[in-house]
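Start from the sequences and build out the full structure, keeping to the hints where you can.
2 protein chains.
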Amino acid sequence: MYIDNPATYTDYYELTMAQGYYLAGMHKKRASFDYFFRKIPFEGGYVVFAGLQELINTLQHLTFSQSETEYLRREKFSDEFISYLENFSFKGNIYSVREGEIIFPGEPILRVEGNLLETQLIETILLNILNFQSLIATKASRIKVAAGEQSVVLDFGLRRSQGLGGIHATRAAMIGGFDGTSNVYSARRFDIPAGGTMAHSWVQSFDDELTAFRTYAKYYPDDTVLLVDTYDTLQSGVPNAIRVAKELQEKGYSLKAIRLDSGDLAYFSRKARNMLDQAGFHDVKIAASNQLDERVITSLRTQDAPIDIFGVGTKLVTGHPSPALDGVYKLSSFGGEPKLKISENIEKITLPGKKKIFRYLNEDGTFYGDAILLQDEKVIERMHHPTFPAQKSDVRRRRHEEIMLPVIEKGNILTPELTIEAISAYRKERLDKLQREFKRLEFPHIYKVGISSSVMEIRDVLMKVHKT
Amino acid sequence: MYIDNPATYTDYYELTMAQGYYLAGMHKKRASFDYFFRKIPFEGGYVVFAGLQELINTLQHLTFSQSETEYLRREKFSDEFISYLENFSFKGNIYSVREGEIIFPGEPILRVEGNLLETQLIETILLNILNFQSLIATKASRIKVAAGEQSVVLDFGLRRSQGLGGIHATRAAMIGGFDGTSNVYSARRFDIPAGGTMAHSWVQSFDDELTAFRTYAKYYPDDTVLLVDTYDTLQSGVPNAIRVAKELQEKGYSLKAIRLDSGDLAYFSRKARNMLDQAGFHDVKIAASNQLDERVITSLRTQDAPIDIFGVGTKLVTGHPSPALDGVYKLSSFGGEPKLKISENIEKITLPGKKKIFRYLNEDGTFYGDAILLQDEKVIERMHHPTFPAQKSDVRRRRHEEIMLPVIEKGNILTPELTIEAISAYRKERLDKLQREFKRLEFPHIYKVGISSSVMEIRDVLMKVHKT
Numbered sequence: 000m001y002i003d004n005p006a007t008y009t010d011y012y013e014l015t016m017a018q019g020y021y022l023a024g025m026h027k028k029r030a031s032f033d034y035f036f037r038k039i040p041f042e043g044g045y046v047v048f049a050g051l052q053e054l055i056n057t058l059q060h061l062t063f064s065q066s067e068t069e070y071l072r073r074e075k076f077s078d079e080f081i082s083y084l085e086n087f088s089f090k091g092n093i094y095s096v097r098e099g100e101i102i103f104p105g106e107p108i109l110r111v112e113g114n115l116l117e118t119q120l121i122e123t124i125l126l127n128i129l130n131f132q133s134l135i136a137t138k139a140s141r142i143k144v145a146a147g148e149q150s151v152v153l154d155f156g157l158r159r160s161q162g163l164g165g166i167h168a169t170r171a172a173m174i175g176g177f178d179g180t181s182n183v184y185s186a187r188r189f190d191i192p193a194g195g196t197m198a199h200s201w202v203q204s205f206d207d208e209l210t211a212f213r214t215y216a217k218y219y220p221d222d223t224v225l226l227v228d229t230y231d232t233l234q235s236g237v238p239n240a241i242r243v244a245k246e247l248q249e250k251g252y253s254l255k256a257i258r259l260d261s262g263d264l265a266y267f268s269r270k271a272r273n274m275l276d277q278a279g280f281h282d283v284k285i286a287a288s289n290q291l292d293e294r295v296i297t298s299l300r301t302q303d304a305p306i307d308i309f310g311v312g313t314k315l316v317t318g319h320p321s322p323a324l325d326g327v328y329k330l331s332s333f334g335g336e337p338k339l340k341i342s343e344n345i346e347k348i349t350l351p352g353k354k355k356i357f358r359y360l361n362e363d364g365t366f367y368g369d370a371i372l373l374q375d376e377k378v379i380e381r382m383h384h385p386t387f388p389a390q391k392s393d394v395r396r397r398r399h400e401e402i403m404l405p406v407i408e409k410g411n412i413l414t415p416e417l418t419i420e421a422i423s424a425y426r427k428e429r430l431d432k433l434q435r436e437f438k439r440l441e442f443p444h445i446y447k448v449g450i451s452s453s454v455m456e457i458r459d460v461l462m463k464v465h466k467t
Numbered sequence: 000m001y002i003d004n005p006a007t008y009t010d011y012y013e014l015t016m017a018q019g020y021y022l023a024g025m026h027k028k029r030a031s032f033d034y035f036f037r038k039i040p041f042e043g044g045y046v047v048f049a050g051l052q053e054l055i056n057t058l059q060h061l062t063f064s065q066s067e068t069e070y071l072r073r074e075k076f077s078d079e080f081i082s083y084l085e086n087f088s089f090k091g092n093i094y095s096v097r098e099g100e101i102i103f104p105g106e107p108i109l110r111v112e113g114n115l116l117e118t119q120l121i122e123t124i125l126l127n128i129l130n131f132q133s134l135i136a137t138k139a140s141r142i143k144v145a146a147g148e149q150s151v152v153l154d155f156g157l158r159r160s161q162g163l164g165g166i167h168a169t170r171a172a173m174i175g176g177f178d179g180t181s182n183v184y185s186a187r188r189f190d191i192p193a194g195g196t197m198a199h200s201w202v203q204s205f206d207d208e209l210t211a212f213r214t215y216a217k218y219y220p221d222d223t224v225l226l227v228d229t230y231d232t233l234q235s236g237v238p239n240a241i242r243v244a245k246e247l248q249e250k251g252y253s254l255k256a257i258r259l260d261s262g263d264l265a266y267f268s269r270k271a272r273n274m275l276d277q278a279g280f281h282d283v284k285i286a287a288s289n290q291l292d293e294r295v296i297t298s299l300r301t302q303d304a305p306i307d308i309f310g311v312g313t314k315l316v317t318g319h320p321s322p323a324l325d326g327v328y329k330l331s332s333f334g335g336e337p338k339l340k341i342s343e344n345i346e347k348i349t350l351p352g353k354k355k356i357f358r359y360l361n362e363d364g365t366f367y368g369d370a371i372l373l374q375d376e377k378v379i380e381r382m383h384h385p386t387f388p389a390q391k392s393d394v395r396r397r398r399h400e401e402i403m404l405p406v407i408e409k410g411n412i413l414t415p416e417l418t419i420e421a422i423s424a425y426r427k428e429r430l431d432k433l434q435r436e437f438k439r440l441e442f443p444h445i446y447k448v449g450i451s452s453s454v455m456e457i458r459d460v461l462m463k464v465h466k467t
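If you read the protein sequences in the order shown, they are chains A and B. All residue numbers for the first sequence refer to numbering that gives the first Met the number 0, where the first residue is 0 and numbers rise by one. All residue numbers for the second sequence refer to numbering that gives the first Met the number 0, where the first residue is 0 and numbers rise by one.
Keep in mind that a hint or two might mislead.
Which copy? The list can't say, so a pair holds if one copy fits it or any two copies do.
Unchecked claim - Cut-off 20 Å, straight-line C-alpha distance, at most; resulting in silico cross-link-like pairs (EDC-like, lysine to aspartate or glutamate): (1) Lys-432 to Asp-3; (2) Lys-245 to Glu-420; (3) Lys-28 to Asp-207; (4) Lys-75 to Asp-222; (5) Lys-284 to Asp-263; (6) Lys-466 to Asp-207; (7) Lys-432 to Glu-401; (8) Lys-284 to Asp-206; (9) Lys-270 to Glu-343; (10) Lys-355 to Glu-401; (11) Lys-466 to Asp-190; (12) Lys-377 to Asp-263; (13) Lys-391 to Glu-85; (14) Lys-27 to Glu-249; (15) Lys-427 to Asp-282; (16) Lys-27 to Asp-206; (17) Lys-347 to Asp-231; (18) Lys-284 to Glu-67; (19) Lys-284 to Glu-69; (20) Lys-90 to Asp-231.
Rather than coming from a laboratory, the hints here were simulated on the basis of the structure.
Next up, the structure:
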């Protein structure tokens, strides 16, 4: 489960509103909320959706234990309401795109339906789970794209992750395309391959670097990665690593890699590669770490730095420099009526009604653009730009996929739990269908997301009602 | 406790190194590690140290349960080493500055002593706890400084916090100077005041805004904050709030506040204040939220926006735009000998030996500057710039405080557990002694941190040893 007490991993106002609805006798009325985000982080062209399975599991366990109801009693919530919560469990429906899906701004990628109380109560934890994991899966995907499919990218971020956020940062990184992690806790919890070898302190704890390397190789002959920059990378680190590589070879083993953790990685990796190659160790890989992100890795790639393995920490797990996805959860219908929130900021005006998403395809199967339709629309002729309706696209001749599926119905889970590996494979399959212009790390092409004429009409009618 | 299985909330290499030390028979040798950071986040002038109590509590519970040793067995760790871990507990010493202390780059503010295995093994979780909480306490302090002592600043960040990082983000925000939170989970866990009233969905769930406001006021007459921007702030929101304020007044209650969550907060707060004042509601406060941080708040302050309460979310809890403190944990002595790590980057060269910190004071009791000395030094005449020794300061006539204290000795906790309130009060007391030039949000004055001649000599001798 996500957390031991999910019902109180929430904002206080979810509880005051829930009680208000209960006392006003409104809590059983039907409501529906949309989850969507407004801005792609990292100035990128897409987001990888992650966190869904954690959300599903958490909702199954969202109940109020005695310690929680005692807290509510101390906070002066009414006995009547607390009795209601004692029997609370989520009995609503959830429709969502699959975990690992490629998503875009403004799309209602997840919809929650149920009674007003339950749909409101889960807002904060839903946002907390989906916003963060989608953020990190997106960052991981960008880093993997920069490093290239043939490279190995490893999560080294736990020491700089935002407290216990490290748990799900690693989960999300794997969904986004990472190959492994140093994080033992998450590896155990999510069945992810973990690994790691030595820190500078290992080298410092021996009288000399060579003894430090030899000792490590003695105990881990089939999994030795030597950190070569404690004293002097080229004068001491790499030559000592080569000596140990020879000694391992004589015993029938191979040195796996050397790791560079400071200095100019392009320069040192090239020099080290030459030294290793000249000694005949073409198969000893070069790993690099130290403040890496997709931009540094791109720069290393364009310089042809011979790095095989990238260890990425801080900037991956914190989503630097965009440490939050701005996902929101907005009421879209209540008591069977579509609902709207108006704002001074045009892009903050919501889309009313229960909606679904069609993803239109190009001839070759790649993604053309997405349309937001009302749930009961079967087919549309064209889609409109959400805030500039004169701009529209004809979609009559295009194939489409309906990308939202029911995942919870009346509180029951409908979808099997997937492994992280399977979710990551789905992400890859989908990302392969996104044309490369949208995957560009900087100034990507903007993916088309439109709304149907019906969605537009309902919004415009409601705007008039509230503004007069 | 910080987490249910703290022993495996770690990087894998801590375990491979620990086993290596154990198998090589080195694990009982004495070692000492320093925790310090290199760069102040947010381009600020100081950092607020936070997380210490969580670290202390966690170390008390850092043991290997059966499920953890089973994992290690599957990962092919040796039976001998696993037996050792089954009886493991941290029996070392920790010296640290107090939680809430004002700290600066390069200072070894926390030192861990013990055997090599235990001091190495706790690295990752120590960094995870201290880096994040110090980051957020620092951000919170900056926001409180910008808002001013008389303002109320509230943490609204849970929905955008980095997953479970939200738990300690709130704890750290309170240490840094926040007055309350919306986060119910952390409020319960750390005994913090929590609060909150309504979202836009509350207003949308009623036929009209006035009914929504009235219903809320009916159930919470002594704690009503009305969100006024769902449809039209000045045409509808504020006038409806004033009607409800009158109705509450007739029943002997007072409307507590209105909240603005979009649009130009300077403009709307001024207009709303006028409307409230003209209706006689001088005591109804104005709360504002929406992408706030210390810079936006400073701007609102300079425009004399009449805002009493600031709700700060995303940018507080994620430490935007510097989402990590770069704290590190470096070996400083081993087997009784001082140890050094060299680097191509001068500022990454470590300070060897067991050290302490003297904080020198000005005549008026404010902080003058800090010196890093060897543990056995009693008095020094001058301190030197760490990387430019020709720059030095005479400190002979200055009073000083020794700011590091023993907090754990042979595994036993020496210090009483403080409330968050007490830690925050200490932070305030110390911050008051930092001259305002260092608290400036942009281009702050740089606080003096020097090293003693003895520290410098040991470093320089060891540099020569390793570089020849």
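Here is how each hint holds up against the structure:
no.: 1; hint: Lys-432 to Asp-3; in the structure: neither (38 Å within a copy, 41 Å between copies)
no.: 2; hint: Lys-245 to Glu-420; in the structure: neither (36 Å within a copy, 60 Å between copies)
no.: 3; hint: Lys-28 to Asp-207; in the structure: between (73 Å within a copy, 16 Å between copies)
no.: 4; hint: Lys-75 to Asp-222; in the structure: between (59 Å within a copy, 12 Å between copies)
no.: 5; hint: Lys-284 to Asp-263; in the structure: within (18 Å within a copy, 55 Å between copies)
no.: 6; hint: Lys-466 to Asp-207; in the structure: between (77 Å within a copy, 12 Å between copies)
no.: 7; hint: Lys-432 to Glu-401; in the structure: within (15 Å within a copy, 62 Å between copies)
no.: 8; hint: Lys-284 to Asp-206; in the structure: neither (26 Å within a copy, 66 Å between copies)
no.: 9; hint: Lys-270 to Glu-343; in the structure: between (58 Å within a copy, 15 Å between copies)
no.: 10; hint: Lys-355 to Glu-401; in the structure: within (8 Å within a copy, 64 Å between copies)
no.: 11; hint: Lys-466 to Asp-190; in the structure: neither (53 Å within a copy, 44 Å between copies)
no.: 12; hint: Lys-377 to Asp-263; in the structure: neither (57 Å within a copy, 41 Å between copies)
no.: 13; hint: Lys-391 to Glu-85; in the structure: neither (50 Å within a copy, 66 Å between copies)
no.: 14; hint: Lys-27 to Glu-249; in the structure: neither (75 Å within a copy, 32 Å between copies)
no.: 15; hint: Lys-427 to Asp-282; in the structure: neither (28 Å within a copy, 57 Å between copies)
no.: 16; hint: Lys-27 to Asp-206; in the structure: between (72 Å within a copy, 16 Å between copies)
no.: 17; hint: Lys-347 to Asp-231; in the structure: between (55 Å within a copy, 13 Å between copies)
no.: 18; hint: Lys-284 to Glu-67; in the structure: neither (53 Å within a copy, 31 Å between copies)
no.: 19; hint: Lys-284 to Glu-69; in the structure: neither (57 Å within a copy, 31 Å between copies)
no.: 20; hint: Lys-90 to Asp-231; in the structure: neither (62 Å within a copy, 34 Å between copies)
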